[in-house]
Amino acid sequence: MDDIGSGPMVVACIRITDLRPQIEPLSGTVVREPWSTGLSPADAAALEYSFRIAEAWSGHVVVITAAPSSADAVLRDARALGATVLRIAGGSPSSDQAYVDELGSDERGMAGMIVAALAPLGRPSLVVCGDRSSDRGTGALPAFLAHELGAAQALGLVAITTTDQESMVVAERRLDGGWRERLHVPCPAVCSVEGAGVRLRRASLTATLAAQRTEIPQVTAAGGPGTTRGADPVGPAEVVVGPVRPFRPRTRAVPAPDSDDPRLRLLTLTGALVAHDPPTVVGPIDAAGAADALLAFLIRHGYLDTEPVGEEAATEVEW
Amino acid sequence: MDKGDMVPTPGVSSDTPGFDAVVVGAGPAGSAAALALARAGRSVVLVERGPFPGSKNVYGGVVYGRVLDEVVPEWWNEVPVERWVVRRSTMMMTGSQSVSVDYRSAAWGEVPYNGMTTLRSRFDNWLATKAVEAGAQLVTSTVATGLLRDAHGRIVGVRTDRDRGELRANVVVACDGVNSFLAKEAGLMPPAEASHHTLGVKEVLDLPGHVIDERFGLRRSEGVDIEMLGCTRGIPGGGFLYTNSDTVSLGVVLSLPHLAEAKVRPEELIADLKNHPSVAPYLRGATLREYAAHLIPEGGYDTMPTMVTDGMLVAGDAAAMTLAAGLWLEGVNFAIGSGLAAGRAVDRAIAAGDCSAKGLASYRSDLEGQFVLADHKRFRKAPALVLSERIQQRYPGLICDLVDGMFTVTNPVPKPGGVRLTRSVAAKHGVKLRQLAADTVRALKVFG
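Order-wise, the sequence lines are chains C and X.
Residues -14 to 304, numbered by this note's numbering, are exactly what the first sequence covers, in order.
Residues 269 to 716, numbered by this note's numbering, are exactly what the second sequence covers, in order.
FYI, nobody ran anything at the bench for these hints, they're computed from the structure.
Positions of the beta carbon are idealized from the N, C-alpha and C atoms, including for glycine.
Treat the hints loosely; a few may be bogus.
[Stated by the list, open to error] Negatives, chain X to chain C, calculated, CB over 10 Å:
# : residue
1 : Phe320
2 : Val407
3 : Asp431
4 : Arg432
5 : Arg688
[Stated by the list, open to error] From the structure, some residues in chain C lie toward chain X, with a derived Cβ separation under 10 Å:
#  : residue
6  : Leu4
7  : Arg5
8  : Gln7
9  : Leu11
10 : Arg17
11 : Glu18
12 : Gly23
13 : Ala58
14 : Asp120
15 : Ser189
16 : Leu190
17 : Ala192
18 : Gln197
19 : Glu200
20 : Gln203
21 : Thr205
[What the hints assert, rightly or not] Ranges between beta-carbon positions, derived for each pair:
#  : chain 1 : residue 1 : chain 2 : residue 2 : range
22 : X       : Asn543    : C       : Pro6      : 44 to 50 Å
23 : C       : Glu200    : X       : Asn345    : 26 to 32 Å
24 : C       : Tyr288    : X       : Thr413    : 48 to 54 Å
25 : X       : Arg533    : C       : Ser12     : 33 to 39 Å
26 : X       : Ala462    : C       : Glu200    : 38 to 44 Å
27 : C       : Arg159    : X       : Ala462    : 47 to 53 Å
28 : X       : Asn345    : C       : Arg159    : 18 to 24 Å
29 : X       : Arg552    : C       : Pro6      : 22 to 28 Å
30 : C       : Ser12     : X       : Val326    : 51 to 57 Å
31 : X       : Met674    : C       : Ser12     : 31 to 37 Å
32 : C       : Ala275    : X       : Ala460    : 37 to 43 Å
33 : C       : Arg167    : X       : Asn543    : 56 to 62 Å
34 : X       : Pro680    : C       : Ser12     : 55 to 61 Å
35 : C       : Arg167    : X       : Ala462    : 45 to 51 Å
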């Protein structure tokens, strides 16, 4: 096992699997190739967020996965980036395929195995996972992990940022209509992230070469649900949803048409015979100019009450 | 390249990793070179830009494995083969006719085998794994962006797109494919000439294995290789069909300038081929799995780049080592052969303490002494003959009509005599008998 760094421990719990599996069209059998294993975009995002948060906290990253030895190349890449890596191997080395098939079948048991494997390294401050794996993953593992660890959970995130306190991260999650909600997540916590918005950093060539010469530490699958739960007896702290609320379009009062003739009332309501603004070409302009043009249009047509001013107003519109 | 271009690379620190050799490109040539070097006890790094060897390679053909005999004993027990080719068919076609010369050998389906169909993502990875097992270091997802030079302009390594990404080495082996940027930067490769290249496009079509067996007359591990002429709307080139385990590779290879002139999309030609009455029954019910395209260096011996310079040599497609000689269409075996020769030459040069062009010159002589350059030299006139106007546009139709005239029963009209039939069919296709004779003599000279 590698020497574990000091500071808070951020765990990237990733699934390494064949990114280009072949599906037998008749039987539906998934045929995996060991050489095309890799990280899904969500798992790559989880790894990148782990590094960002560990840097901000002056902590260290532990990358853990349950996979056969074909995952070692990916783990070496993670090691080249400075992480401590750990692979949970199957009990029988002769049945890698069976082990991979088995991995997705019992996510609660998997969470128990992961927590058991992490126990000797200490209690993680934050565990980051992909929101779903590309190999039959249901996205349930992070929730089971949170349960096993007795940690808070915030799932399906698009961003995680640190705060002044090491006991808290701020996360964003998509909402309908292009809006997002902001979550204040107390640590220890388990977060899962979407594969969007960040790109996994690349290791230097020297570190990549050095990592290739190292063995990947592994532990044998053990544990199970509840076997190693180190939960706080009072339970995890609650995630606090920020002041931003989901987008709800405001109703707009339309005055009643002033006519006894139903046809005229209908024309008034629909504006069928009223001249409309012709299409206006406002581009090409830069992003800020385009935003101003859109806001001016919304204000002109009554969708916004007042003209936003400065950065504060822009934030208000965004959120 | 001007001497003035050969300036020392600024900022090349002395602590950059140093190796005996850096091999760029983990295709068959690169992996073979790395394997030879690693087995010779040399430190070697194999740099691959894809996420794994074979991830970006396109190949629709047969791999002839004899060259692997010196790489892996009894390689046939472990190579990721799709099918062993036991049938080799050459088909002359028009839009509605075809004449096939079909050869089948039971011996080709037995040890030590002749040729195999394989999928490059599996085959390349298998070969790269052999190199890694022998001690080479494989670095994937890394692009070699340029050459490092010392104060004398000598190549001393490569620069990659990674942070601290300089790799110093005694020798750089450029196996970076048909459009080798390293060979160009080193001044080894002349400006690209479209007429020396073809565009290969192929579809991989899903078809159950037992259906392939039934339709092509095969047993489970047996495969067929069909080469086609006259299926490209007059664009110089040809078509191919190979059987894999549960898929069929079908495609066309097209002369690049003629394709551009014809303003035809290559996928239209594949669609033509799939609908041809001699091909369509094979593919009924097949579904498209992949589509791919790739440039092929088919210029042959006379278009090969300079292969060696101080601190660097080129192999595989980068050295235009694809044999496109009509009856023979081979590439991977030449890539592996050249890679192995490159590895041996680098080993000798390092042992002699001379990695200059002179010290590496044994690479060329080694290639000349074996099939890699001997075959290319022997068939150096073949590309021009095979892609000539009469071979491409007149003879397929002529042969089909000749056979049609022989076997169409025209009772009560008596059968035509052979000479009269040949004269009339040749005249129909605008071929004079003396041209036919001249081309026959020319073919005998080229292939004799």
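- Item | Outcome of range test on Cβ distance (C/Ser12, X/Val326; 51 to 57 Å) | Distance hint for C/Ser12, X/Val326 is violated at roughly 28 Å.
- Query: Does the Cβ pair X/Asn543, C/Pro6 satisfy 44 to 50 Å?
  - Reply: violated, 32 Å
- Task: Go through the hint on C/Gln7 and say holds or violated, using the shortest Cβ distance to chain X against 10 Å.
- Result: holds, 9 Å
- Query: Quick one, is the C/Gln197 hint okay against chain X at 10 Å, beta carbons?
  - Reply: holds, 5 Å
- Task: Classify the hint on C/Glu200 as holds or violated, based on whether any CB of chain X lies nearer than 10 Å to its CB.
- Result: Violated, about 15 Å.
- Query: Checking the smallest CB distance to chain C, is X/Arg688 really beyond 10 Å?
  - Reply: Nearest chain C Cβ is 54 Å from X/Arg688, so the label holds.
- Item | chain X contact restraint on C/Leu190 - CB to CB distance below 10 Å | holds, 4 Å
- Starting from the hint 48 to 54 Å, judge whether the C-beta atoms of C/Tyr288 and X/Thr413 obey it. holds, 50 Å
- Query: Any CB of chain X closer than 10 Å to the CB of C/Glu18?
  - Reply: holds, 7 Å
- Item | X/Phe320 and chain C, when compared Cβ to Cβ, separated by more than 10 Å | violated, 5 Å
- Does the Cβ pair C/Arg167, X/Asn543 satisfy 56 to 62 Å? holds, 58 Å
- Under 10 Å, Cβ to Cβ, is where C/Thr205 needs to be relative to chain X, so tell me if that hint holds or is violated. violated, 25 Å
Consistency with the previously given hints fails for numbers 1, 2, 3, 4, 10, 14, 19, 20, 21, 22, 26, 28, 30, 31 and 35, ordered from lowest to highest.
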